[in-house]
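> In order, the protein sequences belong to chains S, B and F. Numbering-wise, my numbering puts 130 at position 130 of the first sequence, and it's gapless, one number per residue. Numbering-wise, my numbering puts 1055 at position 55 of the second sequence, and it's gapless, one number per residue. Numbering-wise, my numbering puts 2050 at position 50 of the third sequence, and it's gapless, one number per residue.
Bear in mind the hints are in silico, worked out from the structure with no lab data behind them. Here a beta-carbon is modelled for each residue, glycine too, at the ideal position from N, C-alpha and C. Be careful, since some hints might not be right.
To spell it out: a stretch of chain S is covered by chain F in this simulated footprint if at least three of its residues, at any positions, have a beta carbon under 8 angstroms from a beta carbon of chain F; those stretches are [to be verified]:
hint, segment
1, 35-49
2, 137-149
3, 224-235
4, 287-297
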Amino acid sequence: MLQYILRRTAVGLLMLLALTVLIFTLLRLTPGDPIDAYINPSVPISASDLEMLRTRLGLERPLPVQYFAWLGAALTGDFGYSIQYNGEAVLPLVLNRIGPTILLMFSGLVISVVVGITTGIFAAVRRNKLADLSLSTVAFVGISSPAFLTALLGLYVFAVNLRWVPAGGMSTPGAPFSVGDLLAHLILPAALLSIGHGALIMRYMRSSLLEVLSQDYVRTARAKGVREFWVIVKHAVRNALLPVITLIGSTIGMAIGGAIFIESVFDWPGMGLLMVNAVVRRDYPVIMCATLLTGACVILVNLLTDIAYAAVDPRIKVA
Amino acid sequence: MHRRNFGRLLAAGALLFATTAAVVPATAQAQTGKTIVGGFDVGPGGFQGNFNPLTATAGFTWLNTYFEPLVIYTSDLSKLTGALASEFTLAQDNLTYTFKLAQTNWHDGTPFTSADVKFTLELAKNAESGSIFAARLADIASVETPDARTAVVKLSKPNSAFLSVLSQMMMLPQHALSSVNVKEVAKSAWWSTKPVGTGPFKFVKHVSDQYVELAAYDGYRGGKPKADRLINRYFANPAAAVAALRAGEIQFTFAEPDDAKTFKGNGGFRVIEGDSYVVNYIGFNHRAGIWSDLRVRQAVMHAIDRNAIVSSLYGGAAKLANCGYVAPQLLAKDMADYAYNPQKAKDLLAEAGWEKINGSKPIPWLTYYNTPQVANVMAAMQAMLAQVGVNVVPRALDVPSYNGIVRSEKWQDFPLIYAGLQNGPNPGSLNVGLNAAQTPPSGNNIMRVEMPPLTDALNAAMGETDPAKADGRWQKVCKEMNAALPWGPMWVASRYGVVSSKLKDFFWTPAPGGGPFVSHPEKWDLAP
Amino acid sequence: MASVTHAGSAGPIRRALSRFFENGAAVVGLAILIPILVLTLTYDLWWLYKPNDIDLLAMNQGPSAAHWLGSDGVGRDIMARLLQGGRISLLVATVSMAISTFLGFFLGAIAGFAGRFVDGATMRFVDLAMTLPPVIFLLVLASIVGSGIMPTIFVISLLSWPVLARMVRARLLELRERDFVVASRGMGAGLWHLLIRHGLPNTIDILVVYATLQVASGILLEAGLSFLGLGVTPPEASWGNMLNAARATHVLENYPWQWMFPGGALVLTVLAINFVGDGLRDAFDPRSELK
Chain S
1 MLQYILRRTA
11 VGLLMLLALT
21 VLIFTLLRLT
31 PGDPIDAYIN
41 PSVPISASDL
51 EMLRTRLGLE
61 RPLPVQYFAW
71 LGAALTGDFG
81 YSIQYNGEAV
91 LPLVLNRIGP
101 TILLMFSGLV
111 ISVVVGITTG
121 IFAAVRRNKL
131 ADLSLSTVAF
141 VGISSPAFLT
151 ALLGLYVFAV
161 NLRWVPAGGM
171 STPGAPFSVG
181 DLLAHLILPA
191 ALLSIGHGAL
201 IMRYMRSSLL
211 EVLSQDYVRT
221 ARAKGVREFW
231 VIVKHAVRNA
241 LLPVITLIGS
251 TIGMAIGGAI
261 FIESVFDWPG
271 MGLLMVNAVV
281 RRDYPVIMCA
291 TLLTGACVIL
301 VNLLTDIAYA
311 AVDPRIKVA
Chain B
1001 MHRRNFGRLL
1011 AAGALLFATT
1021 AAVVPATAQA
1031 QTGKTIVGGF
1041 DVGPGGFQGN
1051 FNPLTATAGF
1061 TWLNTYFEPL
1071 VIYTSDLSKL
1081 TGALASEFTL
1091 AQDNLTYTFK
1101 LAQTNWHDGT
1111 PFTSADVKFT
1121 LELAKNAESG
1131 SIFAARLADI
1141 ASVETPDART
1151 AVVKLSKPNS
1161 AFLSVLSQMM
1171 MLPQHALSSV
1181 NVKEVAKSAW
1191 WSTKPVGTGP
1201 FKFVKHVSDQ
1211 YVELAAYDGY
1221 RGGKPKADRL
1231 INRYFANPAA
1241 AVAALRAGEI
1251 QFTFAEPDDA
1261 KTFKGNGGFR
1271 VIEGDSYVVN
1281 YIGFNHRAGI
1291 WSDLRVRQAV
1301 MHAIDRNAIV
1311 SSLYGGAAKL
1321 ANCGYVAPQL
1331 LAKDMADYAY
1341 NPQKAKDLLA
1351 EAGWEKINGS
1361 KPIPWLTYYN
1371 TPQVANVMAA
1381 MQAMLAQVGV
1391 NVVPRALDVP
1401 SYNGIVRSEK
1411 WQDFPLIYAG
1421 LQNGPNPGSL
1431 NVGLNAAQTP
1441 PSGNNIMRVE
1451 MPPLTDALNA
1461 AMGETDPAKA
1471 DGRWQKVCKE
1481 MNAALPWGPM
1491 WVASRYGVVS
1501 SKLKDFFWTP
1511 APGGGPFVSH
1521 PEKWDLAP
Chain F
2001 MASVTHAGSA
2011 GPIRRALSRF
2021 FENGAAVVGL
2031 AILIPILVLT
2041 LTYDLWWLYK
2051 PNDIDLLAMN
2061 QGPSAAHWLG
2071 SDGVGRDIMA
2081 RLLQGGRISL
2091 LVATVSMAIS
2101 TFLGFFLGAI
2111 AGFAGRFVDG
2121 ATMRFVDLAM
2131 TLPPVIFLLV
2141 LASIVGSGIM
2151 PTIFVISLLS
2161 WPVLARMVRA
2171 RLLELRERDF
2181 VVASRGMGAG
2191 LWHLLIRHGL
2201 PNTIDILVVY
2211 ATLQVASGIL
2221 LEAGLSFLGL
2231 GVTPPEASWG
2241 NMLNAARATH
2251 VLENYPWQWM
2261 FPGGALVLTV
2271 LAINFVGDGL
2281 RDAFDPRSEL
2291 K
């Protein structure tokens, strides 16, 4: 097991390195550089000033030189300075975004897991009855709706029209921090975020539970006169959860990247919004650092999921 | 799972839900005093996330609430007036400017003196500091400080745009910044954590990508501000800011014209309409080879029904431009009006031999405008040009891609653009886009306009320091533009801001780059 | 797993089809999908307006006898744009599905059949592609290739193949050491032969289901890209960039027909494809364990 973990870690590190080369190359293929992003085309500005800025940022050096300069600094923990945010150091900038993103994604995940599993069980138990059909239809519509549309509509209905919750942001500007304020800002984006995942989890839970319910040991338990409710809760659900756990695991890895649509509609200061802004402004240091961090998270979570899966289900051999 | 655990889980869930429900309504703001919240950096005049005036291309409306320049445009943008300089004079030699400074203190209590002026100008002139004003201030020969209240700036040659550039030059405190290495100034955390200015509000904090908070500076020389706090909230796009305005969370924002329209007649809001000072044009790439014949360029002008577009898509809120200017004092007499005439356009194209030049091949038409309104306007123009046999294909890019492409030399990538360029309050703004000497990489003449008579007219106007003669010089430029069509000038559209009627004595105008202009933030007040 | 051991055997496929048609939801999905396809493909034969015909005198009009679904901000007919947009959205989704299915199958099958070294290299490449943050990948790629129909197809294709490659490889790994594969290798069969004669028939169920669901996710991705301003560029219509109009509050509020119809069409189409995809999955594998 230990050897397995070590080997996977080594491969993971190599992949991170490859990832940085890949994203660095891709970035430099994109038209326009940070200085081009800086200029408002309708504002008259002297071109020589821009050239000087370019030189200050070292953008005129050959690409391999720039890459190794970045890599060398990054290995010592220096990820450079953001170009768009007035030279803020990149690492704290990116780390500051992980908190809000995790909060949003985790809340969304919790809602979707709770709702998804409950409705999934319910639908499976009432298989092909009206409740199952309507829940399944709702879930299908949830999976089939574009996230930005639900976000826009949700914002319009609940924030602009009904004024139940604030229209975007993570806190009331200028107000001292309070949990209530945070929750008020969090609840709508988290709920909207959970729609897609929740629907997916419900579908998985339903089909997984249906499969388990048809198996021998469940029939045995029923035959032994155990009450249906306990058959489901005690025997079936536990086993049916396995594929759902894998599904949730694979979502967590992606979660760190943020929910680009929800974050940009709700101005949620998370990784998604940061990365969109960084790409739009060609903020190379921020993009590199964010890619590295999210890449590391995906690799780590995949590793952990594999280990967790192996631990839950001893039939799976690590090899 | 055991029955007990299940019950516990349920109870915990219920508890969590109950606390959430109980806490959420308690968000009714426990704030003291008057807090004005606005989207001051929304729209093209804003620059969210920039705190350093030396690197600012826009966002001056907001910067001017805590920093101040020496001179500033009046609120109608018609002329320059004193800000930190209580008086300013230009000597007979057209080179020596003398500034008498106002008696005031920085937010931290240190007096503002001529040493700060000298420090700021020298820092801004030094490209090492990351300043984007370096080239524009290159004419400064010396800054002298005969006494603490007087600063004398000598230029090496007359420059009619000097004061206009100076109006965007926010004064910086020498005592706070002189210890920072010049090369490190742009990276300094000072700008976004503890900047010190002389304006009516002082900096409190910046919450990344969310908002910037200022508090009243009681010692402001124009009087204690009426609002206790001023907050600039950040939005990913103007539509989100409009949503927050309608939800009552902010009191002011820039708004896209279509959004602004929905507030008209609504008693809860006031719509501010103003000249954008940006002339929109169809840019012909003069090196692309297909626009060399003047008749082709004229045909494009005649093919577009600008009146119909302005009255329907702009709701009348745009002025037709037949040269780079729309201000009456800059317009030449007897200009061609390029009225809508598709038949004439077809004839001109036929005479020029358009079939041979390009024919019906698609012509990519680049823009950096990503608003729904411009998408509609370009769709309309595309349809009109198609009528006369010019097949253009609009393509909206993000700003860096656009700048990257138009500054390259791949002419076939950008034969045609739809863009805007600032044409006021200083008419000299157009020089960088039209003067042959400004061709990239040295300047911003991205369409590679090389028309000697136009360049001569521009040079003559730029060198004219006598205000009485200046307008006449610019009229010549206008006339030349109208006749030779270096661009296809279209219109100058209005821009909008929407203010909650709770906000009293508030002033804003859609100045290019956000001004700065006299807006008296200390007088802004919030009705209960 | 009902593994298909002989190439080209029609039996299981026929059985799957009959199972498919017993599935109510799947048939409903087909019943929704076919009319949508027919309408979008033929509209220019029977509908009066063209999608890019502007009419500045008839802007923002609600549904009427002339414009059944109303008109948009430059007076273009929403019905024509809806159908043209559907054509473009479906085109983008289908072509990108074809490319990503091919890529996924090809790389997955090579990894599955070729030796250990090639397998390792290919799979690390797949892992790398999966590690790339989709947000950045999407944005950067879209900025590089530009916006428009072809670039959008390119971006969507490149984003989704790794999952398929993994599934195909997992299936074929079981097969690699089986007698008939070893035998055909021994007989000097080329890789291409292996892929077509053994790889394809043994993964056809995965491919069909993946392809179907990929069309659905392609439509959603196109809409998302257009929402970010990176997808199909206006004035060309697509469901995504029509929906983009809902971004402005005044359209959302005052001109609901401008976004409700494309929104409804999009959700309905994706829903129908999901129904069909689910039906296919159940049909090919009654125990539905496709991950």
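> Between the segment 35-49 of chain S and chain F, are there enough contacts, at least three residues with CB-CB distance under 8 angstroms, for the coverage claim to hold?
It is violated: at least three residues are needed, and the segment 35-49 of chain S offers just 0 whose Cβ sits closer than 8 angstroms to chain F.
> Given that the segment 137-149 of chain S was listed as covered by chain F, double-check it with a C-beta distance under 8 angstroms for 3 or more residues.
Check passed, 9 qualifying residues.
> Would you say the segment 224-235 of chain S counts as covered by chain F, given the rule of at least 3 residues with C-beta under 8 angstroms?
violated (count 0)
> Counting residues of the segment 287-297 of chain S whose CB is closer than 8 angstroms to a CB in chain F, do you get three or more?
holds (count 5)
Checked against the numbered hints above, the structure breaks hints 1 and 3 and satisfies the rest.
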